[in-house]
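There are 2 protein chains.
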Amino acid sequence: MATNRRIVLASRPSGWVTAENFRLETVPLPPLADGELRVRNRWLSLDPYMRGRMNEGRSYAAAQPLDETMVGGTAGEVVESRHPKFAVGDQVVGYLGWQEYGVSDGSQLIKVDTRQIPLSAYLGAVGMPGVTAWVGLNRIIEPKAGETVVVSAASGAVGSVVGQLAKLSSCRAVGIAGGEQKCRYVVDELGFDACVDYKRGDVGQALKAAAPDGVDGYFENVGGEIMDAVLPRMNAFGRIALCGLIAGYNGEPIPIRNPTWFLVSRLKLQGFIVSEQMHLWPQALKELGGHVAAGRIRYRETIAHGLANAPAAFIGLLKGLNFGKQLVELD
Amino acid sequence: MATNRRIVLASRPSGWVTAENFRLETVPLPPLADGELRVRNRWLSLDPYMRGRMNEGRSYAAAQPLDETMVGGTAGEVVESRHPKFAVGDQVVGYLGWQEYGVSDGSQLIKVDTRQIPLSAYLGAVGMPGVTAWVGLNRIIEPKAGETVVVSAASGAVGSVVGQLAKLSSCRAVGIAGGEQKCRYVVDELGFDACVDYKRGDVGQALKAAAPDGVDGYFENVGGEIMDAVLPRMNAFGRIALCGLIAGYNGEPIPIRNPTWFLVSRLKLQGFIVSEQMHLWPQALKELGGHVAAGRIRYRETIAHGLANAPAAFIGLLKGLNFGKQLVELD
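Top to bottom, those sequences are chains S and D. Quick note: the first sequence, position 319, residue 319 per my numbering, numbers continuous. Each number in my numbering comes from the position in the second sequence (counting from 1) with 1000 added on.
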């Protein structure tokens, strides 16, 4: 236990992320100070927001610094502790980044109970992605029973929870996803009412059939042509929770071609970032934990193995190659 | 008093409205039924929303029918009444359209007091445009003291009230208007803190100087390049009240080029239509009336004379040739 392996940002991508943007390093393990503890990470969470952090310049969060450990959510086990509230063997989730061992002063680290919920789920449906779904749906879309809720990237870690929560609120849930396999999963396994395969062509027409009463709430993870196709289908007083714009993460232009819909249909569009809504996390996590433990919310994981494979897995996530929550399981 | 003159929609415009889209007709005055009253219109209100009504197809309101009297707000005097609540001589505002005489059953018609407020102001600052400003500002932007509020079409009937109400809420008020004369009026006569002349070039740069602390609330009447220039200047958690998109009224494309700002800055954009917020009108009109009577809200009118000149005045309004509220005074 004398060394730690980590992945740092070696260079900033221009356009698509490549493996060369990362570097695997072996570094000495620092000694613990009083009040600190050491975690052996078991799971790394890979999430689309990391792509934004890799850019320089103004965004809602500080840019990921060059030559430092990639940011990211983690789940693991306390292996050494000089902190009064954490003991060796505690299962914890936090933001220790792409590395095997992390040091924490206990802040932003929470102990979790893995008796009914697997540790990795605290990075997915019972973690940041789940809370993201919960906040966007319940605090921006605020669905009423009988309404129709549409979500893009529907088979992903966030989208899958959005649709299942919408169903639990007695709404019609319609997904948008890429490919027949993902669409079948969204309907057959997650219980959405319908799913539009955006790779099959005219999303607007397909949505007309999938949401025959129009769209009251839209949870947007993608943007670009997908949003253009959804806007004309929005009902009066529709609400759009803007969570991500993955279509533009590489700098592609993703204009909203016809903003007149916002006026004609009196729509609300609201961007949000879940880490700014910390006061909502306890309630959201309690509900999500209950749903997952009871089998009311299901999820799927795509698991890469070993720290060295994290960059390739992240690149795959940005290309939509994952299926459900993308994780890295550390050896 | 045996005939009425009116202007009907003769054809739907493609692109810019032309005089040929209208037709002046002389028609017989219908007799009054029990419960009806006749108004001699003194003032016609001309408003940008009418351009939308002239199109066919789905919008928030029914299209203006061909060969029928143009819709529109009016102010005038009761000249004949078989209605128990209205007497000859009453000053009233309503929606009797582009004609000299209108018949009403009393619904959507309100008696107004012209002792402290001139009749025409009930079509402007103390009427639909004023309430539009009040609702967008107070119910969507919800400005806090010390914040910066920007409004496009700032010298217009709506925009001028937005900025003055923002000042009354202890905000920094910044206008965007076309031409030096309008900008000078906005600052010198209406008391805005600054005004950006969009005809002078880079709106984004000018806005940086005019709103050095960024923009917290944006009241949008225009859209297109103006909105593109404002979005990057919005502060985190900024609110945008979407009232009009006059830049696109002739079918011009007005994309929002970089919607990433909604996410990065966690913005809220909300479209609204003031006629759907009737419950807010009494409070808004009371406040606006008080401000106008006391001289705290000022306004300017551009007055065309005679019914026959209404089409030309309306075309001028769409081109920004008016200055403040565009009215037609009937002979």
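Careful, some of the hints might be misleading.
Claimed, not checked - Label-pair ranges, simulated between beta-carbon atoms: (1) D/R1184 with S/L321: 54 to 60 Å; (2) S/E142 with D/G1089: 19 to 25 Å; (3) S/L24 with D/E1142: 27 to 33 Å; (4) D/G1204 with S/L321: 54 to 60 Å; (5) S/P253 with D/K1144: 30 to 36 Å; (6) D/D1213 with S/R23: 52 to 58 Å; (7) D/I1303 with S/E276: 30 to 36 Å.
It is worth saying that the hints were derived from the structure and are not from the lab. All residues carry an ideal CB built from backbone N, CA and C; glycine is no exception.
Here is how each hint holds up against the structure:
| no. | hint | in the structure |
| --- | --- | --- |
| 1 | D/R1184 with S/L321: 54 to 60 Å | 59 Å, holds |
| 2 | S/E142 with D/G1089: 19 to 25 Å | 49 Å, violated |
| 3 | S/L24 with D/E1142: 27 to 33 Å | 49 Å, violated |
| 4 | D/G1204 with S/L321: 54 to 60 Å | 38 Å, violated |
| 5 | S/P253 with D/K1144: 30 to 36 Å | 34 Å, holds |
| 6 | D/D1213 with S/R23: 52 to 58 Å | 40 Å, violated |
| 7 | D/I1303 with S/E276: 30 to 36 Å | 50 Å, violated |
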